[in-house]
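Residue numbers (the working numbering), protein chains in the order written: chain A, 1 to 364; chain B, 1 to 526; chain C, 1 to 507.
Note that these hints are calculated values from the structure, not bench results.
The reader is advised that the hints may include incorrect statements.
Below are the DSSO-like pairs computed for lysine-lysine, each with C-alpha atoms no more than 30 angstroms apart in a straight line [stated by the list, open to error]:
id	chain 1	residue 1	chain 2	residue 2
1	B	446	C	122
2	B	178	A	193
3	B	236	C	64
4	C	69	B	446
5	C	49	B	178
6	A	89	B	162
7	C	69	C	49
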Amino acid sequence: MKGFTHFLCGIAVATAFGLAVDAAAEHMAQIIILGGIFGYMPDFLDFKVARFLEDYDYEVDPTLEGDINAQRIAELFVEAIHKARDTGKYTNIKFNTMKIGADTWRQYGIMVDNENKRIIVKIGPLVTTGKSPIPETTPPDEEGIGVAHYDAELEHTYEAWTYADIMSGPDYGLVPQPKEGNIRLDFIPWHRKWSHSLTCGLAVAPFGLLAYLGISWLFAGSDWVFNPELAVVVFMICLYAYWLHVIVDQFGVMGSNLFPPFTKKRSQGLSLFHSGLSIANFGTNWISVAVILYNLNYFADERVFGTNPVKYFVLTTIIPLTILVLIRYFWLKKTRPKQEDDKEEQKFLEKIDEIMEYGSGDNV
Amino acid sequence: MHFYIVALLFAIAGTFVAAGVSCFLPGLHVYNVMGFVVLFYLPFIDVVEPFLMLMFLAGMVTGFGILFTISTIYYSAPDDTTAFYFMPTQKYLMVGRGHEAAMFAGIGGLMGLFALVIILPFFMGFLATLRELVGPHIHWLLGSIIAFLLISEWPREYGRSKMHMFDLDMSYKGDLDKGRIPEALKTGISEWKKPLGRDVVITKPRNFEWEIGDGRRTYIIHETSPLKDTTTGEFKSPPRLMVLNRTPKWYRLKEAYKSNAAGVLTFALASWLGMLVFFKTMVPPDRAFQTLMPTFVGLFATSAIVLAFISRVKVPKQHLAKCYDLDTETIAKGSGSGALAGIFAAFIPAVTPGVSGTLGGNATGLRDDKIFIMNGGTNRVVYYVGAIALFLLPLLHLRRGGMAINVNLFFVPQTTEQFLLITAAIAICGFISFVMLIYASKFVAKLVERIQYQYLNLIVLCIIIAIIFLMTSWQGLGLMFVATMIGLVPVMWNSRRLNLLAVILVPIWLNMAGVGPMIAEMMGLA
Amino acid sequence: METELCPLCGSEIEKGRACPFCGDAPAPAEELKPEPVPEKKAPLTDDEKLARIEQAYLDGKMTKEQYEKNKVKFAKTDTPAAVPPSVTKPPAAVPPPVAVPSAAAFLKEEPAKIEEDPDPGKECLSCGHVIGSKSECPRCAAKQYNRLSEKKIIAISMVLLLLGAVYLGAAGIYAETDITVVADIQESDNFRNMRIVGKVIGVPDFYPEKYEPTGVLRLLVDDGTGDIWVRLVSSVTLTLIEEGRIPGFGDTVDAEGALFVGDEGYMQVKVRDKNLFHILERNYTELGVSDLVPSVKSDYYVGQLVSVNGRIVDKFYLDGFAWIFDLADESGNSISVFMPETIEQLTGELDVNSIFLSEVNIKGALEWYEGGREWEIIPGSTTDITVTAPYTGDTYLTMTVGEMLANATALENLYVQVENVTVEWRYEDWLFSVSDSTTYDELSIFVDYNANSSTNIKEGDVMTVRGWVTYYDSNDNGVPDLDEWELKIREASSDFALDVSELWGGN
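With the rest of the complex left out, here is chain A:
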């Protein structure tokens, strides 16, 4: 899901605590904000911390070199595959982006063509940070394509282009599977390795509590009094908001490693939809807003509307969202050909959406 969706879910969780809502209304407390922050936290830890801490066996760094050599990149990828095959050890490879100017990057795409056992790399156009291509900057095919063949069994992956264009680029993990006799190719293997877990939530939530205690002490000064009930509420807000993020992401395709260090592998998601889907995000936000308003009303000194939850959610959430989904369904049926996305494709699309700030481009 988008970061904002998780943030809003965290706020919704926070408003479920009457003490927090009361403190906000009566005493201008800012506790509810912690719900949003901790709702966003797993993605923050992953995409803004963990990804920079990974070490790579193979790394493409065109900015350092001052150039992109498509052929060499393809060959490097093949080398990594062969190393994983020969050593039987986990090998990873990172494709860094190439920054040309303040707002200009050189795009290149990588494709794993498993059917023909080859890696294809193609240099794309110059793009802006918004991933808009700059016209007439794509090199001719003969200059910009590199092809390299590998000799190994790769677990079937979804065939698509991944792009190294803006900010940080994509990376792959090559996991030898001796039992199956092949190598599994993991796209962005560090994602949801430990951050999207319930145990991590337990580890991180106390920091939220400490932050709240510190800031409240700073403002209250000598008048500060420790309120254990409120402290418990703050801790629970941070924890549950974090956990809700993890739970919501389970509805997608990727899943996550839920109990590290006790578990090592990522669980499969419920595959109800891929989490980058616009309608999924919009719908979740809608539900969050409905929940927030319900809670604010429920805990208000003077309620503005009735508190029958069934009636409220049927009217405000179920009916409108159903109508929206139906509109979308018929619209898509009318305007687009039927697409059968398999699970691998969905998983790939989900990862693409998560890693790319502005979604995937199709310029190559």
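Starting from the structure of chain A, add chains B and C where the hints point.
Showing chains B and C alone in chain A's frame:
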């Protein structure tokens, strides 16, 4: 009926004023112009019926909402609301599609007007309920928005894991292949004050890379491919051997967060400026109601103009399209999310379309520059015009933003008749503004072609400086200068311009949270 | 650098150095390789030599000059430009052709059917770049099909005009403003539009403009629940003056305007539009002077509109402030009529001479004058005093001074003539006392300015005096004492106080 016709004429006059200002006096925020108009009106309050003045302002705001895009696109002079979609429109301008970009925003605005005119009246009861419910919680809502803006900024760098130290001559490649460590390599490393110890081992773990390490430190010698001109295929320079050092993890994080640090700095500076402006009257007291004007102009307009000026951009010939690359789905997505964002901004104090547009874009997961621009156009119109509509909406009479503050000096809305009249004016002036946009955009596009862009920027800058000086004297100019410097920080360090909105978000949030005066005192402002 | 040709392969190489192509250089010992690569022993073909030349250049073993020279030797004319070789390519196999699948197939739907355009010089509809019959512009990526035309969007925007008209019509339905109850008005209603319907309970205040024949009118209006000031702006006042629609004390008015709240809770409704101020129909109650004098406050109500006939028997001008008239009936009862200067300014100058002593009809509102514990009439306009019978002179009762003083109370406000009386005391020509042989008491004579009277009156003069019987309450006890009765010689009347010698035309 006679009064209605007079009222409509006033509204249409306001629209024409907005058109003139948008096309020829760029960078001015609509609320500043409104403030000026009200200032001149008050002595004549007994001569001109207040409701007629309100109609004039409604027409002006509607016109601004649609037409200000011209200022943003062609003169590179956005305000805090158009800054949100400023960059995509500049891209369009640079490929000769400036008029089309203006129309995207205009069509977005048109859809916003439809939303206001058709849908808003039926949401009166709901909005009244919402206001009552959300009223005591605005402070943490603002705080949440601020928190999200800060934590959602992405690191722009990728945190390189290798750092280039020096180059080794290609002739040493043979030695490396033979497993020998060249003296030049040892000497070079020593100069970096991290010499190799004993028991140095050289390996070749990858093609084109050797690793040399003593157990404590590892250095990588990387052979680059020859640099080639990708368009001609000619070699530009031969390959070289780069000696690299693995960067520690903290260094990668530091590299990655450079732009974020700039974003936080921007936020902090803008917050400081906002607190200063809120708690100290910097401009002459009789113009205190225009304190924010030089601040906003500096942060958004003049900084953009200065950047356009120094970047020596050459605007290509503009193609005046007669049809636009838009389909129903794009319009629906862009204007739908824009309308939601605009109503959110109109409803919540201190939140401007820039902020709400970012949140809306995140919330609906929409991409594409066209959707972005259209979203911005809808958002802006719904925000400004919606503020008037909400102000007059029976049951609600919501006072938000500079518009309500200005109008409240002479008018209080009461009746349903007033609301219906204003809505009629908005609809009619909206149509007129939209048609004017088509022709005004074409006219200005041709103007921009004839005048060199740098000169145009200079003229626009001079006009803005003159206006600021006239309205707020030397003090305002000083404020504008400081704000311009702050406005350049995100542009230079490639961070979000949205952080500049801390200038109003933070002071209002702190005041609503009850700690504004305390913080101001700590800052030495109170 | 000196070069020579390798005898084996013909490459131009540096003189004295081993040829890097032919393998006659000693094999490097313990060369580090990432993985073992099988060596090919077959003789080198031209292509292979070319590849080796290129590799040598890449390895820095050959200068660019040498490379170019050697390339020419082995490159075929139809060979395409050299491409840097791959070291990991399988040596024998040629890679299959690169069929780069379009990302569109995986990530997006297929574009809609493209309209054919045979025009190769066709420009992009968005950026003007020449693109021929392409469906998407390669320069700006704009679609060339399914576009929104300018005409279509203008047509769509016209719906706004229609909606505007609908809202205008709806506004007309909601046009009437509700009447505001004064008691419900709060300070927080500042700037709200108000409609007040009530009675004007005081004389309107008028603040004239210095150089304009208009000014600001201020009324105190009571709607039964409370009172509030209503202010008519200059333009509205001017209209009312021109139309003769000045509201007066006691009028019922309908005023609509914005409320202004001032210091210490002062509130007023400001009427800015002449069409928003109306004086409702005036209904006067016909009363006589005797109905009003004597009476108590409870007999009538303040502001009650009345129409009274009588005779103006006395007048008094409060300089710069107001005229006060005494309206009397035949029985001698009189009531005060209060005409503020404001009314004259608003409704026209009053011709006092024409009304004095004449029979008049006065329309106005009743005001209770607490000081005198009596009612007084305040007309709304100078035109509210109409002469019903102009003064032609009075009928005097001839009697002695003794008779007059003995019946003074009954004769109050009547007209009496005393003849051949002697001046007993003189203060001034306008104030003296007379007596005759029928009494020892003296009758005061008060002569109005410009009244018909002799001059240089001395004690002992014999005069004939006729005038209006009244009294001057010098001790302020409300009851006329004997020595307080006087005959008033009124100006512009048939009264006189003449020396007998003058009476018959003497000097």
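To see whether the hints hold, each was checked on the structure:
no., hint, verdict
1, B:446 with C:122, "22 angstroms, holds"
2, B:178 with A:193, "41 angstroms, violated"
3, B:236 with C:64, "11 angstroms, holds"
4, C:69 with B:446, "55 angstroms, violated"
5, C:49 with B:178, "24 angstroms, holds"
6, A:89 with B:162, "23 angstroms, holds"
7, C:69 with C:49, "13 angstroms, holds"
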